[in-house]
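Colleague: What follows is the residue order along each chain.
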Amino acid sequence: MATTALDQQRAHATAGHAEKSGLWSWLTTVDHKRVGILYGATAFFFFLLGGIEAILLRIQLGSPNSTFLSPDTYNQLFTMHGTTMIFLAIMPLSAMFFNFMIPLMIGARDVAFPRLNAFSYWVFLAGGLFLNSSFFFGAAPDQGWYGYANLTSRQYSPGMNVDFWTLGLQILGVASLAAAVNFFVTILNMRAPGMKLMRMPMFVWMSFITQVLLLLAFPVITVALILLMFDRFFGTHFFVPSAGGDPLLWQHLFWIFGHPEVYILILPAFGIISEVLPVFSRKPLFGYAAMVFSGAFIAFLGFGVWSHHMFTTGMGPIADTFFALTTMLIAIPTGVKIFNWLGTVWGGSIQYRVPMYFALGFIAMFIIGGLSGVMHSSPPADLQQNDTYFIVAHFHYVLFGGSIFGLTAGAYYWWPKMSGRMLDETLGKVHFWLMLIGFNLTFFPMHILGLNGMPRRVYTYPEGLGFETLNQVETVGSLILGLSFVVFLFNIFKTARGPRNAPADPWNGATLEWAIPSPPQEWNFAEVPAVHGRDPLWEAKRERGGPLPEPPRVSGEGIHLPNPSIWPLVAAVGLTGVMVGVMTLHIVGPWGVVVGLSILFFGVYNWAFEPAG
Amino acid sequence: MSDHAHAMQLETSTGLDNRKLAIWTFIGSECLFFATLISNYLVHKQTWLSGPGPFPHERWTSPSGQAFEPIIEIPLVTMGTALLLFSSLFVVLALANAQRGNRNGLLVWLAATLFCGFFFVGMQVYEFTHFVHRGLTLKTNLFGASFFTLTGFHGTHVTLGVIWLLTLWIEAFRGKIPPAKSLNLEIAALYWHFVDVVWIVIFPVVYLIK
Chain G
1 MATTALDQQR
11 AHATAGHAEK
21 SGLWSWLTTV
31 DHKRVGILYG
41 ATAFFFFLLG
51 GIEAILLRIQ
61 LGSPNSTFLS
71 PDTYNQLFTM
81 HGTTMIFLAI
91 MPLSAMFFNF
101 MIPLMIGARD
111 VAFPRLNAFS
121 YWVFLAGGLF
131 LNSSFFFGAA
141 PDQGWYGYAN
151 LTSRQYSPGM
161 NVDFWTLGLQ
171 ILGVASLAAA
181 VNFFVTILNM
191 RAPGMKLMRM
201 PMFVWMSFIT
211 QVLLLLAFPV
221 ITVALILLMF
231 DRFFGTHFFV
241 PSAGGDPLLW
251 QHLFWIFGHP
261 EVYILILPAF
271 GIISEVLPVF
281 SRKPLFGYAA
291 MVFSGAFIAF
301 LGFGVWSHHM
311 FTTGMGPIAD
321 TFFALTTMLI
331 AIPTGVKIFN
341 WLGTVWGGSI
351 QYRVPMYFAL
361 GFIAMFIIGG
371 LSGVMHSSPP
381 ADLQQNDTYF
391 IVAHFHYVLF
401 GGSIFGLTAG
411 AYYWWPKMSG
421 RMLDETLGKV
431 HFWLMLIGFN
441 LTFFPMHILG
451 LNGMPRRVYT
461 YPEGLGFETL
471 NQVETVGSLI
481 LGLSFVVFLF
491 NIFKTARGPR
501 NAPADPWNGA
511 TLEWAIPSPP
521 QEWNFAEVPA
531 VHGRDPLWEA
541 KRERGGPLPE
551 PPRVSGEGIH
561 LPNPSIWPLV
571 AAVGLTGVMV
581 GVMTLHIVGP
591 WGVVVGLSIL
601 FFGVYNWAFE
611 PAG
Chain W
1001 MSDHAHAMQL
1011 ETSTGLDNRK
1021 LAIWTFIGSE
1031 CLFFATLISN
1041 YLVHKQTWLS
1051 GPGPFPHERW
1061 TSPSGQAFEP
1071 IIEIPLVTMG
1081 TALLLFSSLF
1091 VVLALANAQR
1101 GNRNGLLVWL
1111 AATLFCGFFF
1121 VGMQVYEFTH
1131 FVHRGLTLKT
1141 NLFGASFFTL
1151 TGFHGTHVTL
1161 GVIWLLTLWI
1171 EAFRGKIPPA
1181 KSLNLEIAAL
1191 YWHFVDVVWI
1201 VIFPVVYLIK
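Respectively, the protein sequence lines represent chains G and W. For the record, in the first sequence the residue sitting at position 550 is 550 according to my numbering, with numbers rising by one throughout. Counting from 1 along the second sequence, just add 1000 to a position and that's the residue number in my numbering.
Rather than coming from a laboratory, the hints here were simulated on the basis of the structure. Here the structure is a predicted model, which is why all the values come from computation and not from measurement. Take the hints with a grain of salt, since some may be wrong.
Derived, one-sided and incomplete: chain W residues facing chain G with beta-carbon distance under 10 Å [claimed, not checked]: (1) L1037; (2) W1048; (3) K1139; (4) N1141; (5) S1146.
Capping the alpha-carbon separation at 25 Å, the derived lysine to any residue pairs in SDA-like fashion look like this [stated by the list, open to error]: (6) W:K1139 - G:G581; (7) W:K1045 - G:Y148; (8) W:K1176 - G:V240; (9) W:K1176 - G:F602; (10) W:K1139 - G:L548; (11) W:K1210 - G:D246; (12) W:K1045 - G:S242; (13) W:K1020 - G:Y148; (14) W:K1176 - G:Y605; (15) W:K1181 - G:S242; (16) W:K1020 - G:N563; (17) W:K1181 - G:L188; (18) W:K1139 - G:V240.
Pairwise CB distance ranges (calculated) [claimed, not checked]: (19) G:H532 - W:P1204: 50 to 56 Å; (20) G:L451 - W:Q1066: 50 to 56 Å; (21) G:L23 - W:V1132: 48 to 54 Å; (22) G:L465 - W:P1204: 57 to 63 Å; (23) G:Y146 - W:I1163: 34 to 40 Å; (24) G:F234 - W:Q1066: 25 to 31 Å; (25) G:L129 - W:Q1046: 40 to 46 Å; (26) G:K20 - W:M1079: 52 to 58 Å.
Note that beta-carbon positions come from the ideal geometry of N, C-alpha and C, so glycine has one too.
Work out the full structure, taking the sequences as your base and the hints as a guide.
Modeller: Have a look at this one:
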């Protein structure tokens, strides 16, 4: 059997570099694939946590005047649901694919800065734990994920809730920025010979644009969070109107970050879909260059539309017109992408495998979300829809219908490469149908409820307004949605107990990651590949006139690998210590910050002076 | 650059060393960080409901007859600014010596850079202390809050640069920065130049424009 042959090969391959295992090897790993797995596992955990929070919210809203959750708990849960899904689930799930896939797809042996990569992960983990530790103090953030001033001032939020949020997000920002520098350099500098920019796989292109957005958007939110921290801890009044501060400044700073953030969440999914559709249509991606430039154009415009989140603040007709027009303009490059995806599938020899199901589901769902977005790009329409469930429906269609469908397509597509095991196709299709049905049951009625005037962010609603039935439907839908991920988990656990049965190239892939064994060996490519076109593997197969032979697992002797290091973890602990220090200023004085800084410097110095290998 | 320097670099797709590209990327990102802080200052510089009043550069009397003394001391800060600008030249000379393998020249010019950096940080500590004695703190008014936030974060960047360059000075003293490793200094120097350039924007915006 093929499986046993593969297993034998694997046993044979450990001769050169000893296969690493054990807790210490994970704490000190600088291998981009292991860091990717850590990112994925952690982010999926947070995704489930955010999902459970959502289901609790839905149970509360399932009936009028419900007392299942107190108003205060409801506020904490909806804030943490949003914050978790954005910063601890979707972004790091994308980061999992950046980590695992970018080096493989550009033919590199690792990222440009392996230790910085590990640092990003540990800081992300620490930030996630810091943020969620608030639950143990009964003081989870409760002001909404957008943290509007002056709801966040000490006067109106005296507890630790907002402190956890503003400090936790600063920690997470460091993780994102470090990773963005790393991947920006990796993509520009680590490409295999012949992998020109316009030959890069579309996922790499969209990831590259995402890093640019991260680099330019995150400093802005960092400053906003610092100002908020100063307001809350050091007595400034940046967002306090009674001292001359302007709460609207927060909204501007937040959305100058916040709107590019939306594209940070969706562009990686665009990239994944652009990999999956061609492979399962057996056709090259339609309009490659148009895809690249429309992605870049979306990112560029993404910095010029932030105030469409603020139409109701009364900015005046000129600002409203400008931001309405730029917002409508974004529909054009997005439309270009959608038509190119359709053009890719059109006339193809379509293979109905699980990743393709999710990719096609993505297109359908994302179009709905995109269209409702164009609807409230018009200020008069937005004035009606703002703060209602219509908005909630819109952004769930783009973030769940878009990002999560895309990421799930990527999960099924790359699972064999990452784990060496094929996921069960039937269970995958069950997952898909449950998710599609559950998703639409949950979020489609929100359009109608929103247009009928049901406000968002309110913990309950009275009887007799006609909201009961649709809310019940939504709650049932959310349970089905939850169930779909139970099926996914079951699929993972079931196949994890089976043999490592994934061949190197289970889908007849076009890109370099399918040229090497599943899962890849530590050094990725025994020989650095040379690239001559956009779909290097398809070209190799065409030249050969059939499938390529299964690549052997080799000993890897003589291949230079970076040394493992504990210092990224130490530095991450120090950085988090600084924020814990700020949190406990009123108890221990500046000593917490001093200890945190000392650990940080200790970690960074040891990191700088340790031989990189 | 010398042949040695080329020999130690790995081949990259752009031909630019990874670390050099990374520091440029980081600097690009930092531009947005300081742009936001500077905008925040511009928004708030005339906002005061208490404390030293709207024109910190000159004596000012409000319509109600309340008098405000100027608080900003331009000569001292000009001195600090000049030294910081010279330090950019000095670090270039230090790098040139490092690339030629002239350890003594490297040590002297790097020490000159460090002196300027220390002077600037010292100047800022003095200025902040002086302001606090005159009654302007983070809490006094929004001018104070945005002034201290902007110049404080710049000062933190200078301080980190000083620590970085001091580390490199000790390394150079121990003979651990041969020409082949001059890139270590070049990267720190790029960061140092950036911190200077930011100050070239902050100095007129805060101290010269009324």
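Colleague: Now look at each hint and say whether the structure bears it out.
Modeller: We went through each hint and held it up to the structure:
1. L1037: holds, 6 Å
2. W1048: holds, 7 Å
3. K1139: holds, 4 Å
4. N1141: Check passed: Cβ of N1141 of chain W comes within 7 Å of chain G, closer than 10 Å.
5. S1146: holds, 8 Å
6. W:K1139 - G:G581: Within the cut-off at roughly 21 Å; holds.
7. W:K1045 - G:Y148: holds, 23 Å
8. W:K1176 - G:V240: violated, 52 Å
9. W:K1176 - G:F602: Distance of about 20 Å is within 25 Å: holds.
10. W:K1139 - G:L548: Status violated; Cα separation ~69 Å.
11. W:K1210 - G:D246: This hinted pair holds, its Cα atoms lying about 22 Å apart.
12. W:K1045 - G:S242: holds, 16 Å
13. W:K1020 - G:Y148: violated, 38 Å
14. W:K1176 - G:Y605: holds, 16 Å
15. W:K1181 - G:S242: Not satisfied, since the Cα-Cα distance of roughly 55 Å exceeds 25 Å.
16. W:K1020 - G:N563: Holds. K1020 of chain W to N563 of chain G sits at ~22 Å (cutoff 25 Å).
17. W:K1181 - G:L188: With a Cα-Cα distance of about 23 Å, the restraint between K1181 of chain W and L188 of chain G holds, given a limit of 25 Å.
18. W:K1139 - G:V240: holds, 12 Å
19. G:H532 - W:P1204: 50 to 56 Å: The hint (50 to 56 Å, Cβ to Cβ) holds, given that H532 of chain G and P1204 of chain W are roughly 53 Å apart.
20. G:L451 - W:Q1066: 50 to 56 Å: holds, 55 Å
21. G:L23 - W:V1132: 48 to 54 Å: Once the Cβ atoms are compared, 49 Å apart, the range 48 to 54 Å for V1132 of chain W and L23 of chain G holds.
22. G:L465 - W:P1204: 57 to 63 Å: Holds: the Cβ-Cβ distance is about 59 Å, inside 57 to 63 Å.
23. G:Y146 - W:I1163: 34 to 40 Å: Given range 34 to 40 Å: holds, Cβ gap about 36 Å.
24. G:F234 - W:Q1066: 25 to 31 Å: holds, 27 Å
25. G:L129 - W:Q1046: 40 to 46 Å: holds, 43 Å
26. G:K20 - W:M1079: 52 to 58 Å: This hint holds: roughly 56 Å between Cβ atoms.
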